[in-house]
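*Asks:* Residue numbers (our numbering), protein chains in the order written: chain R, -11 to 102; chain H, 212 to 325.
Any given hint could be a false lead.
[Claimed, not checked] Result set (DSSO-like, lysine-lysine): computed pairs, CA atoms no more than 30 Å apart in a straight line:
1) K282(H) with K255(H)
2) K56(R) with K273(H)
3) K282(H) with K57(R)
4) K255(H) with K46(R)
5) K37(R) with K56(R)
6) K46(R) with K262(H)
7) K46(R) with K282(H)
8) K57(R) with K238(H)
9) K262(H) with K56(R)
Note that these hints are calculated values from the structure, not bench results.
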Amino acid sequence: AQSVTQLGSHVSVSEGALVLLRCNYSSSVPPYLFWYVQYPNQGLQLLLKYTSAATLVKGINGFEAEFKKSETSFHLTKPSAHMSDAAEYFCAVSFSGGYNKLIFGAGTRLAVHP
Amino acid sequence: NAGVMQNPRHLVRRRGQEARLRCSPMKGHSHVYWYRQLPEEGLKFMVYLQKENIIDESGMPKERFSAEFPKEGPSILRIQQVVRGDSAAYFCASSPPTGEYEAFFGQGTRLTVV
């Protein structure tokens, strides 16, 4: 069975500091991995995705994530946080079974303070 | 190209009433997914539909919930005899028929049962 664990339901950083949001997955087949961002009362926007190409994936808004098979991780990072990055972030996994059924983590709420 | 359109954005129903949530996928997308987000939780998969077919309904509650995606018109998620526990945000996502491992999300319908 597939699952996603996001460590830390709340993360707080200073503006300009490194952002690190952790995601570990469990999958019995090669996974596809995604990070989505959700702003208050909005839908989900795709930040980046890993689909078995390069293990370091660059996304929008300066975010990137690295797929580490040995650690079953797909942590999201950004070198310098902006106030506008404050939102909820979801890691998700699907598998190469032919369709895009996503299994989501519980989410991490990122706060950015001046 | 308009994104995934969901309506209504907000829906209030009294206990025992029916709720109908609509989702129009992106142009050219024939796959639709419904997810539910309970307060302070991640999204949970409910159902996956293609035109006129339910492909995977493993996340649908056994009673009161149904979904359809007719040949013409939007996909409908129907909840009969709503209860307070149905209060949640319901998100629809769509994807193309082949190749892309990315689902595009609508802005959601926030259902409140009073």
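*Asks:* Going through the numbered hints above, which ones does this structure break? Give me the numbers in ascending order.
*Replies:* Numbers 2, 3, 6, 7, 8 and 9 - these are the hints that the structure violates, sorted from lowest upward.
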